[in-house]
Amino acid sequence: MTRLARFRDLIGAYGADPRRWPPDERVEAEALLARSPEAAALQRTAAALDALLDRAPAPATPRLEAATLAARISLAPQERSRPYLFLLRSQDKFWIRAVGLAAAAIIGFVVGTTQMADLGEPANSPAPIDVAEISPW
Amino acid sequence: MQEDSDDALMRRAGSGDKAAFALLVRRHLARATALAQRITGNRSDAEEIVQEAFLRCWQKAPEWRPVERPANDRAANDRGEDGARAQFGTWLYRVLVNLCLDRRRRPQPVGIEAAETVADSAADGFDETARGETSRRVQAAMAQLPERQRAALALCYFEGLGNIEAAATLDISIGALESLLVRARRALRDALGDLAEEGGAG
Chain F
1 MTRLARFRDL IGAYGADPRR WPPDERVEAE ALLARSPEAA ALQRTAAALD
51 ALLDRAPAPA TPRLEAATLA ARISLAPQER SRPYLFLLRS QDKFWIRAVG
101 LAAAAIIGFV VGTTQMADLG EPANSPAPID VAEISPW
Chain C
138 MQEDSDDALM RRAGSGDKAA FALLVRRHLA RATALAQRIT GNRSDAEEIV
188 QEAFLRCWQK APEWRPVERP ANDRAANDRG EDGARAQFGT WLYRVLVNLC
238 LDRRRRPQPV GIEAAETVAD SAADGFDETA RGETSRRVQA AMAQLPERQR
288 AALALCYFEG LGNIEAAATL DISIGALESL LVRARRALRD ALGDLAEEGG
338 AG
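Chains F and C, in that order, are what the protein sequence lines are. Counted the way our numbering counts, the first sequence spans residues 1 to 137. Counted the way our numbering counts, the second sequence spans residues 138 to 339.
Since the hints were made in silico from the structure, they are not lab data. Keep in mind that the hints are not guaranteed to be accurate.
To be verified - With a straight-line Cα cutoff of 20 angstroms, these simulated SDA-like cross-link-like pairs (lysine to any residue) come out:
| hint | chain 1 | residue 1 | chain 2 | residue 2 |
| --- | --- | --- | --- | --- |
| 1 | C | Lys-197 | F | Glu-79 |
| 2 | C | Lys-155 | F | Arg-72 |
| 3 | C | Lys-197 | F | Leu-75 |
| 4 | C | Lys-155 | F | Leu-69 |
| 5 | C | Lys-155 | F | Glu-79 |
| 6 | C | Lys-197 | F | Ile-73 |
| 7 | C | Lys-155 | F | Thr-68 |
| 8 | C | Lys-197 | F | Gln-78 |
| 9 | C | Lys-197 | F | Ala-71 |
| 10 | C | Lys-197 | F | Arg-72 |
| 11 | C | Lys-155 | F | Pro-77 |
| 12 | C | Lys-197 | F | Leu-69 |
| 13 | C | Lys-155 | F | Ala-67 |
| 14 | C | Lys-155 | F | Leu-64 |
Claimed, not checked - So the derived label-pair ranges between C-beta atoms look like this:
| hint | chain 1 | residue 1 | chain 2 | residue 2 | range |
| --- | --- | --- | --- | --- | --- |
| 15 | F | Arg-80 | C | Thr-271 | 50 to 56 angstroms |
| 16 | F | Arg-6 | C | Ile-309 | 18 to 24 angstroms |
| 17 | F | Gly-108 | C | Lys-155 | 51 to 57 angstroms |
| 18 | F | Val-27 | C | Lys-155 | 42 to 48 angstroms |
| 19 | C | Lys-197 | F | Pro-37 | 51 to 57 angstroms |
| 20 | C | Gly-297 | F | Ala-31 | 22 to 28 angstroms |
To be verified - The following residues of chain F were derived to be distant from chain C, with all beta-carbon distances above 10 angstroms:
| hint | residue |
| --- | --- |
| 21 | Ala-5 |
| 22 | Leu-32 |
| 23 | Ser-36 |
| 24 | Ile-96 |
| 25 | Arg-97 |
| 26 | Ala-102 |
| 27 | Ile-107 |
| 28 | Gly-108 |
| 29 | Phe-109 |
No residue lacks a Cβ here, since even glycine has one placed at the ideal position from N, Cα and C.
Using the sequences plus the hints, can you model the full thing?
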């Protein structure tokens, strides 16, 4: 239910005409208006100001001609975003997954090759040379 | 034949379709000029700002994407607007309002340039035929308002935007919008109180 304080704010902001009031408050505000003399008085005060605002001079017809203006403006180059930025913006989830998979693949490759190196010498590698056999002493 | 929505026209403009852009300009030129003129109070400034706003519209068209409108923006629905049209309008008017507000932040000319500016302001371009003493007083009182208050009033009262769309255009909360409007109307009532009493209303 609209209270008088809210009604005062409403009418103080939007004026006397219910068509200008926020639609989600309009019905309750009009109900208050129907039963409250204070609300009616507030509306009359707002209506007096509205009547003055309605006498504000109207802006004159534009001197600019739409077709001429559009033709002149459309000679200017348009701003086009860089493709990779567009992809980042429109395919965020895809790129997050792709980067994650690529990172996982690189880590897997590095770990795999490191462990392969630790497995020992290949079976067909030459036998280690005994230093004693070639020593002149 | 169904009329193209602003959204569809912006997409076509984004592909370089000049005819689509021209249609957008034709649709919004009068309203955009009126809004800019109400905020700046000056026809020449308003026209310059409108041209800049449409230039940005053309330049940004390839990147423009409609954003989801709040589901509770029933004001726009009440006016029978389709979502895309309201979104493009909000975007365009936000650009326009920001340009109007930025204009005041720029250094003002001094000396001879300032004198020219004053002379130009006198030719504000408002409809001369309907001007009486009351109209002049109302316009003078509005000119005294801080620009953000004037912008809020122009959007909500004169352009008839709903509170959600007006707040989005000004990039503020609805509470902040209402605060601007309340202060604007209070200042106008203080400035024009004698006229309201003469009118017999209130």
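Problem - Enumerated hints in conflict with the structure, sorted upward - result: Result: no hint breaks.
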